[in-house]
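Order-wise, the sequence lines are chains A, B, C and D.
With this note's numbering, you'll find the first sequence wraps up at 461, consecutive numbering, no jumps.
With this note's numbering, you'll find the second sequence wraps up at 461, consecutive numbering, no jumps.
With this note's numbering, you'll find the third sequence wraps up at 443, consecutive numbering, no jumps.
With this note's numbering, you'll find the fourth sequence wraps up at 443, consecutive numbering, no jumps.
Check each hint, because a few of them may be wrong.
Distance condition first, Cα-Cα at most 20 angstroms in a straight line; then the derived EDC-like pairs of lysine to aspartate or glutamate [claimed, not checked]: (1) K350(D) with D136(B); (2) K295(C) with D246(C); (3) K295(D) with D252(B); (4) K331(B) with D136(B); (5) K331(B) with E257(D); (6) K294(D) with D252(B); (7) K294(D) with E247(B); (8) K295(C) with E295(A); (9) K170(B) with E296(B); (10) K294(D) with D330(D); (11) K294(C) with D270(A); (12) K170(B) with E154(B); (13) K331(B) with E340(A); (14) K331(B) with E250(D); (15) K331(A) with E154(B); (16) K294(D) with E343(D); (17) K295(D) with E247(B); (18) K294(D) with E328(D); (19) K331(A) with D136(B); (20) K295(C) with D213(A); (21) K350(D) with E367(D); (22) K294(D) with D213(B); (23) K170(A) with E295(A); (24) K170(B) with E340(B); (25) K331(A) with E250(C); (26) K294(C) with D252(A); (27) K331(A) with D136(A); (28) K350(D) with E247(B); (29) K350(D) with D270(B); (30) K295(D) with D213(B); (31) K294(D) with E243(B); (32) K350(C) with D270(A); (33) K350(C) with E247(A); (34) K331(B) with E338(A).
These aren't lab readings, by the way, just hints derived from the structure by calculation.
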Amino acid sequence: MKKLINDPANVLADALRGIEAAHPELRVDHQHRVIYRAEPKQDGRVAIISGGGSGHEPLHGGFVGPGMLDAACAGEVFTSPTPDQVAEATTAVDRGAGVLHVVKNYTGDVMNFEMAGELAAADSGVRVETVVTADDVAVQDSTYTAGRRGVGLTVLLEKIVGAAAEEGQDLDAVVALAQRVNDAGRSMGIALTSCTVPAAGKPTFDLPEDEMEVGVGIHGEPGRRRVPLAPASEVAALLVEPVLADRDATGSPAIVMLNGMGGTPLIELYVLYGEVARLLADAGVPVARRLVGNYITSLDMAGASLTVLGADEDLLRLWDAPVDTSGLRWGV
Amino acid sequence: MKKLINDPANVLADALRGIEAAHPELRVDHQHRVIYRAEPKQDGRVAIISGGGSGHEPLHGGFVGPGMLDAACAGEVFTSPTPDQVAEATTAVDRGAGVLHVVKNYTGDVMNFEMAGELAAADSGVRVETVVTADDVAVQDSTYTAGRRGVGLTVLLEKIVGAAAEEGQDLDAVVALAQRVNDAGRSMGIALTSCTVPAAGKPTFDLPEDEMEVGVGIHGEPGRRRVPLAPASEVAALLVEPVLADRDATGSPAIVMLNGMGGTPLIELYVLYGEVARLLADAGVPVARRLVGNYITSLDMAGASLTVLGADEDLLRLWDAPVDTSGLRWGV
Amino acid sequence: MADTDTGTVTQAQLVGWLAAFRDAVHEHGAHLTELDSAIGDADHGSNLVRGMDAVMVAVEAPPDSVGALLKKVGMTLVTSVGGASGPLYGTFFLRAGTAAGDATELDAAALAAVLRAAVEGVVARGKADRGDKTMYDALGPALEAYDAALASGADAAGAARAAADAAARGRDATEPMQALKGRASYLGERSIGHVDPGSASATLLVEALAAALADPPADP
Amino acid sequence: MADTDTGTVTQAQLVGWLAAFRDAVHEHGAHLTELDSAIGDADHGSNLVRGMDAVMVAVEAPPDSVGALLKKVGMTLVTSVGGASGPLYGTFFLRAGTAAGDATELDAAALAAVLRAAVEGVVARGKADRGDKTMYDALGPALEAYDAALASGADAAGAARAAADAAARGRDATEPMQALKGRASYLGERSIGHVDPGSASATLLVEALAAALADPPADP
Ligand SMILES: Nc1ncnc2c1ncn2[C@@H]1O[C@H](COP(=O)(O)OP(=O)(O)O)[C@@H](O)[C@H]1O
Ligand SMILES: Nc1ncnc2c1ncn2[C@@H]1O[C@H](COP(=O)(O)OP(=O)(O)O)[C@@H](O)[C@H]1O
Ligand SMILES: [Mg+2]
Ligand SMILES: [Mg+2]
Ligand SMILES: [Mg+2]
Ligand SMILES: [Mg+2]
Chain A
130 MKKLINDPAN
140 VLADALRGIE
150 AAHPELRVDH
160 QHRVIYRAEP
170 KQDGRVAIIS
180 GGGSGHEPLH
190 GGFVGPGMLD
200 AACAGEVFTS
210 PTPDQVAEAT
220 TAVDRGAGVL
230 HVVKNYTGDV
240 MNFEMAGELA
250 AADSGVRVET
260 VVTADDVAVQ
270 DSTYTAGRRG
280 VGLTVLLEKI
290 VGAAAEEGQD
300 LDAVVALAQR
310 VNDAGRSMGI
320 ALTSCTVPAA
330 GKPTFDLPED
340 EMEVGVGIHG
350 EPGRRRVPLA
360 PASEVAALLV
370 EPVLADRDAT
380 GSPAIVMLNG
390 MGGTPLIELY
400 VLYGEVARLL
410 ADAGVPVARR
420 LVGNYITSLD
430 MAGASLTVLG
440 ADEDLLRLWD
450 APVDTSGLRW
460 GV
Chain B
130 MKKLINDPAN
140 VLADALRGIE
150 AAHPELRVDH
160 QHRVIYRAEP
170 KQDGRVAIIS
180 GGGSGHEPLH
190 GGFVGPGMLD
200 AACAGEVFTS
210 PTPDQVAEAT
220 TAVDRGAGVL
230 HVVKNYTGDV
240 MNFEMAGELA
250 AADSGVRVET
260 VVTADDVAVQ
270 DSTYTAGRRG
280 VGLTVLLEKI
290 VGAAAEEGQD
300 LDAVVALAQR
310 VNDAGRSMGI
320 ALTSCTVPAA
330 GKPTFDLPED
340 EMEVGVGIHG
350 EPGRRRVPLA
360 PASEVAALLV
370 EPVLADRDAT
380 GSPAIVMLNG
390 MGGTPLIELY
400 VLYGEVARLL
410 ADAGVPVARR
420 LVGNYITSLD
430 MAGASLTVLG
440 ADEDLLRLWD
450 APVDTSGLRW
460 GV
Chain C
224 MADTDTGTVT
234 QAQLVGWLAA
244 FRDAVHEHGA
254 HLTELDSAIG
264 DADHGSNLVR
274 GMDAVMVAVE
284 APPDSVGALL
294 KKVGMTLVTS
304 VGGASGPLYG
314 TFFLRAGTAA
324 GDATELDAAA
334 LAAVLRAAVE
344 GVVARGKADR
354 GDKTMYDALG
364 PALEAYDAAL
374 ASGADAAGAA
384 RAAADAAARG
394 RDATEPMQAL
404 KGRASYLGER
414 SIGHVDPGSA
424 SATLLVEALA
434 AALADPPADP
Chain D
224 MADTDTGTVT
234 QAQLVGWLAA
244 FRDAVHEHGA
254 HLTELDSAIG
264 DADHGSNLVR
274 GMDAVMVAVE
284 APPDSVGALL
294 KKVGMTLVTS
304 VGGASGPLYG
314 TFFLRAGTAA
324 GDATELDAAA
334 LAAVLRAAVE
344 GVVARGKADR
354 GDKTMYDALG
364 PALEAYDAAL
374 ASGADAAGAA
384 RAAADAAARG
394 RDATEPMQAL
404 KGRASYLGER
414 SIGHVDPGSA
424 SATLLVEALA
434 AALADPPADP
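Please construct the entire structure, taking both the sequences and the accompanying hints into account.
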């Protein structure tokens, strides 16, 4: 295992120290492992927090700031944060208008945020609502299982609901908006290599030099199937086709994200995005906004994921609204 | 070789198509392989172009936009652009106030830009000045050799001179400023793995699982020496000490960049930055601004570089000035 | 067997159980993570090592009652583990603590009630059915075997031994299952052919109980 | 030897030289990149393959004079290669073209003057000294050997053969050198012990000339 870390057991604590040093506009509570805006938002506004296992940077700490999140709770690598962390953050960010929890759909995340909501409501009476993102079309959707994973859409959702909260929409409206975004977004990912969890010390799975995993999430889980390594044009089809098959995206302007998994350099993402854009155009999807880069990563995994969100004028307006975080910044 | 590409011979052309699709605010001349602002800057302002081999993304195309570059000339992977590309871009961006070429100090880049300047001056009479960045303390400085490599400082320099050009400083002033930045900045890099040049198809060098290269540049060149893999705290010292030994940075506010080489995920950069910030504080260096992320990469290499630029109020003001590029954006 | 003088399980024995589980997750942590690598995210071992290390610090001065002890264990797991196993094992011990109440020791029947509450807590929290390929596929059979052994006249130690054996069989039975809960479910049919990591750690938990109650230890 | 009828080098032979060099960089491209991996950036082979492929397209309809032909080669290399070798080999042929002027063929002495101008162009552009571990360490000796052979009565083909042998010796002599120019110089002492990639490609260039002028080919 080759990583720029100290003791694998201290990766999270060490990374939080680095985040604090790198971003004076953030405040880090090292005891509870929560990243806050240094300057809290104004009273009477809905607050939004998210969180999850670490190893997905810039998600979520990189999205804390004006126009997006109020706080991010950092769990151990690939391990959701604990209820006490989330409860602490929930109470701290409430400005009297309630708190939205943005949770990625994983059993652990869902249970820990659930317990946190119970704790916070009991302790301080804060009104907590939750949206669980579940956008990964690689997973069969079924009421008999844990359902779909929450992946790339989480980034777009946090941006959009963050803008709504900032402009003063109330908690019910923000929750409804979150649900609307969640319903209209789909993602799909592939991996060229496994990642290595620091505490595990070796790759989560072995992938031969001539194969790739199709349908991976963001935790180094094996995907749905293994196929021969293919050129970017074919990889693009492996991403675009299942996303469009699951939800017709031709009707409305789309916000598209091509996301790198952490170990893939930007030049490759651009090569792949060229192919993705071509396929989307061929399919008649009107791409209105796009992000290409590392936004929700999986440690050092090489690979990429595609997210397509069907938007409307309202969502585009919220998308374009000012955001000032280390991971996304415009209009400020 | 596992990469999200098509034919290795077409990586640059394919990436340029992706850049064009991802960034409507840019205009790509595919024939000359030049990335321009879609909206050229106003007449009478100094224009700034840069360029170099590809594989360092977001450098340089990611720094084209208001407040920074007017155009970037993209060479093949790790191969400087050709004089005709640079001459074309030079003529195109000139707004009557002359053009600054920002060139990283490599024999190839220097010679190609030199020939381009001769061509452009002869063809169109554009006044061209050049600054050659040379900040890598891993290389002995000597008049008998090619001198030091230009690495991370190039990013900071392009930001600062971009701001000066935007506010209307004339070519002489911009050149003098560029020289001032070049004199006050130092960098140092390490690698945990080699990168793989697409056309070569295999890693440029082999690095055992328990070793790292100290003093690498941004082209997968072997470094100055190979040492046992060390924890982030020691790696930080390998970066900070030679940079500070080469130039005392205690006297003035510093702009610091901890840059990832392309294959290193953000969580590791934060761990490392925590250690770097501690060492800089111990050494009495007043860090005024900081960047942590992938800004000047080396394909899929895992590793990092540190750049420390001794600034003053004027440089900080130019640093803080609005910039609107895909790689750096604030104040807009 | 349980405490030979009184026939009951003492608080010290329960702390012994926890210590034995802590030792087991240290010893088998890499294996648990290995199982989690195949169908999960490669952290189950480190999650439980972190949790049980925190637990042993928390119970250095054991509280006054069995209920308080077990609640403290549950709260510590909830606040130190995270992931799926944190709330699940946390709820296991929180519910166990509630069921134990003020008692300072447990007889074999009281222990049965405590274990039942604990396992029901896991089900309430995780909503897994038997056959979903989770820790419940080890814990459920363990609980049934404990009750059955008790009904056939075994003492707490004997019942715990029967429970541990049943847990191990339950764990092994997860291998051919397709996961329907937890992150292994995302793999669909690719989850078949691997033992569920939570069922493996749950077996270590019940095995640790059997070892702590055995006197002299059955399996030194 | 050169054209057997007239004793001069024809334009067709010069195109044959370019074709032979194109074939050589294709055949040895991976090796050139390998050499560049050790002390550079692993692109020297692909740079020259790209450049010589472009050159052979550009000279499909050869221009009217040797000067125009060689200038076209130079311009094509300058605009298609990039890196250090693009301007250097580009200048080599641009200067060669200027020296050749309107001539439609070259005798052995004219070829000597053309080669001298070419190599001086490389030095003017790259400012390397002998011993700096660059292509000049192959080109310089090659030029001297050509002149010396000519002085001892050899024809163009014989002089080119002597030049190729000298280039190869010059290439081999770069191995123990410490690089002072080009990106290998960044390695300091670690550049010692590797053959310079540019000296290897320069040797292929001179070898291609010798092969093109040999009639029948010395080395089929
Ligand atoms: N809904 C559930 N009910 C019961 N057990 C579950 C459920 N979901 C997951 N588990 C158990 O949790 C184990 C995984 O724990 P762990 O790896 O620590 O958490 P995570 O999956 O969040 O990384 C699984 O092997 C499974 O036994
Ligand atoms: N200043 C110089 N003078 C002469 N030759 C040089 C000089 N600098 C570099 N070279 C030659 O160029 C070769 C490298 O070419 P190439 O790999 O194509 O370019 P780059 O170094 O830009 O990647 C070196 O092996 C060396 O022979
Ligand atoms: Mg986990
Ligand atoms: Mg090169
Ligand atoms: Mg797990
Ligand atoms: Mg090279």
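- 20 angstroms limit on alpha-carbon distance, applied to hinted pair K294(D) and D252(B): holds (18 angstroms)
- Query: Within 20 angstroms, alpha carbon to alpha carbon, are K350(D) and E367(D)?
  - Reply: holds (18 angstroms)
- Task: Starting from K295(C), check that the Cα of D213(A) is at most 20 angstroms away, please.
- Result: holds (14 angstroms)
- Message: Tell me if the straight-line CA distance from K294(C) to D252(A) falls inside 20 angstroms.
- Response: holds (18 angstroms)
- Between K295(C) and E295(A), does the CA-CA distance stay at or below 20 angstroms? violated (40 angstroms)
- Do the alpha carbons of K170(A) and E295(A) lie within 20 angstroms of each other, as the hint requires? holds (8 angstroms)
- Item | Hint consistency between K350(D) and D136(B) [alpha-carbon to alpha-carbon, up to 20 angstroms] | violated (36 angstroms)
- Query: Under the criterion that the straight-line Cα-Cα distance not exceed 20 angstroms, is the pair K331(B), D136(B) satisfied?
  - Reply: holds (15 angstroms)
- Message: Check whether the Cα positions of K294(C) and D270(A) lie no farther apart than 20 angstroms.
- Response: Measuring from Cα to Cα gives roughly 36 angstroms; hence the hint is violated.
- Is the Cα-Cα distance between K294(D) and D330(D) 20 angstroms or less? holds (19 angstroms)
- Item | Straight-line alpha-carbon gap K331(A) to E154(B), limit 20 angstroms | Not OK: K331(A) and E154(B) at ~42 angstroms, beyond 20 angstroms, violated.
- Task: Please work out if K331(B) and E340(A) have their alpha carbons no farther apart than 20 angstroms.
- Result: Between K331(B) and E340(A) the Cα gap is close to 16 angstroms, so the pair holds against 20 angstroms.
Violated hints for the displayed structure, listed by number in ascending order: 1, 8, 11, 15, 19, 24.
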